[in-house]
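Peer 1: Chains A and B, in that order, are what the protein sequence lines are.
For what it's worth, this note's numbering labels the leading residue of the first sequence as 1, then goes sequentially.
For what it's worth, this note's numbering labels the leading residue of the second sequence as 1001, then goes sequentially.
Any given hint could be a false lead.
DSSO-like cross-link-like pairs, simulated, lysine-lysine; straight-line CA separation at most 27 Å [what the hints assert, rightly or not]:
hint, chain 1, residue 1, chain 2, residue 2
1, A, Lys10, B, Lys1080
2, B, Lys1137, B, Lys1080
3, A, Lys60, A, Lys149
4, B, Lys1080, A, Lys40
5, B, Lys1120, B, Lys1041
6, B, Lys1120, A, Lys40
7, B, Lys1080, B, Lys1120
8, A, Lys10, B, Lys1041
9, B, Lys1120, B, Lys1137
10, B, Lys1120, A, Lys60
11, A, Lys149, B, Lys1137
12, A, Lys146, B, Lys1120
13, A, Lys146, A, Lys60
14, B, Lys1041, B, Lys1137
Just so you know, the hints here were simulated from the structure itself, not pulled from any lab data.
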Amino acid sequence: MSNVRFVFPKHRLAEVLRQPGGLPVSEALERAHANLELIKPSCRAELMELLEMAEACFAKLDQTYDDAGLVELYSLAVRGIGAGTVCGTPAVDEGLTSLCDLIDHLRTHQTYDRNAIGVNVRAWRLLTTPNLPAEGAASVLDGLRKVSKRYAEPSAAVAAQA
Amino acid sequence: MALDPASRARFNLERATILLLDDTPVGMSILVQIVTGLGAKQLYRCSTVEQAREVAVTHQLDLAIVDSLSPSGGGYDFVKWMRQSAAEPNCYTPVLVTTAHTPARDVTRARDCGGHILIKKPIAPVVMLERIIWVSKEGRTFLYSDGYIGPDRRFRDEPPPGGVGRRRGDVAAEDEPAAAPEEEPAEMTLKDLKAS
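With the hints as extra help, turn the sequences into a complete structure.
Peer 2: Structure (structure tokens):
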């Protein structure tokens, strides 16, 4: 049994939020969305740069288990999550999350499927297409989730590899 | 924790000093646009844990929005450092931890770092505002134990799993009448804020 000591700190945030002035919730949210609209072009440029780096990283990924390559690819994918929604291509964020899930499963279970990674990287480029029909994006994402899920459990990872 | 996006209730972030930690330009840019849109003006933008520590040592912070810095997870270490080593009042500062993806090996690290709440990217402005208002609510106790320092992670006054508690208070509580359940985060409203 652990000894626990409780402290009841007072912090200033609640007090600051109640200060006179400020913004109505609706206006603040409108401003935040307008701000995000302003950075759409730079966000897209960064996302495309990450994609090109990821494609180059995938191209040099070994045919056999390549932990360093997986780490590098994960680092690139994780940096892009969040940018897709700002750019108006929210499916990119889901696709990148799926890629991160897949790499995490592969590393956790020390297994490898270069083709599955390739599918995710190619999907990344497809999902960045502006005005991609929602049904098409949903279908791609469904496929990516299935690929990733195959490696979620150790036994499933072995079966998927066989 | 639902917040009506059309609400006319007012809040004021102008005087809040906020630390932002994110090591990616795009992540920092998105965060800055969201919080400035919500009215925040005093921001300390940090792209490394070292910068964030320096700010936490030299400035009083009202809020910290800290990315996990995946894949290193350095953001979790920074929050843990804040809880264990930062001076008062920053050791109690509300911390929102943002994460793009949490690898399996970092789940317990995320749970135990001492953040108030975890926010998954992509972050919608309404979600950020809901979390800021929620963490601002007073009454969240901090606890110090052998393995954890931070805000109490128990949100519900329910019996421990299997009936065996891990805190001394759990044992004592067995002989006492059940306390009224605490308010859950889902019940958060803007009632404490000024309505226009």
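Peer 1: Is A:Lys10 within 27 Å of B:Lys1041, Cα to Cα?
Peer 2: The given pair, whose Cα atoms are some 22 Å apart, holds under the 27 Å limit.
Peer 1: Given the proposed pairing of B:Lys1120 with A:Lys60, does the C-alpha separation stay at or below 27 Å?
Peer 2: Given that 27 Å is the threshold and the Cα spacing comes to 30 Å, the pair is violated.
Peer 1: Check whether the Cα positions of B:Lys1120 and B:Lys1041 lie no farther apart than 27 Å.
Peer 2: With Cα atoms ~24 Å apart, B:Lys1120 and B:Lys1041 stay inside 27 Å; holds.
Peer 1: Hey, A:Lys60 versus A:Lys149, does the alpha-carbon distance stay inside 27 Å?
Peer 2: 25 Å, holds
Peer 1: Checking one constraint from the list: CA of A:Lys10 to CA of B:Lys1080, max 27 Å. Satisfied?
Peer 2: 19 Å, holds
Peer 1: Check the hint pairing B:Lys1137 with B:Lys1080 against an upper bound of 27 Å on the C-alpha distance.
Peer 2: Holds, at about 21 Å.
Peer 1: Starting from B:Lys1080, check that the Cα of A:Lys40 is at most 27 Å away, please.
Peer 2: 34 Å, violated
Peer 1: Does A:Lys146 pair with B:Lys1120 here, judged by a C-alpha cut-off of 27 Å?
Peer 2: The hint holds at about 21 Å.
Peer 1: Does B:Lys1137 lie within 27 Å of B:Lys1120 when you go C-alpha to C-alpha?
Peer 2: 21 Å, holds
Peer 1: Tell me if the straight-line CA distance from B:Lys1120 to A:Lys40 falls inside 27 Å.
Peer 2: Holds, at about 20 Å.
Peer 1: Does the structure keep B:Lys1041 and B:Lys1137 at a Cα separation of 27 Å or less?
Peer 2: Roughly 21 Å separates the two Cα atoms, so the pair holds.
Peer 1: Checking one constraint from the list: CA of A:Lys149 to CA of B:Lys1137, max 27 Å. Satisfied?
Peer 2: 38 Å, violated
Comparing the model with each numbered hint stated earlier shows that hints 4, 10, 11 do not hold.
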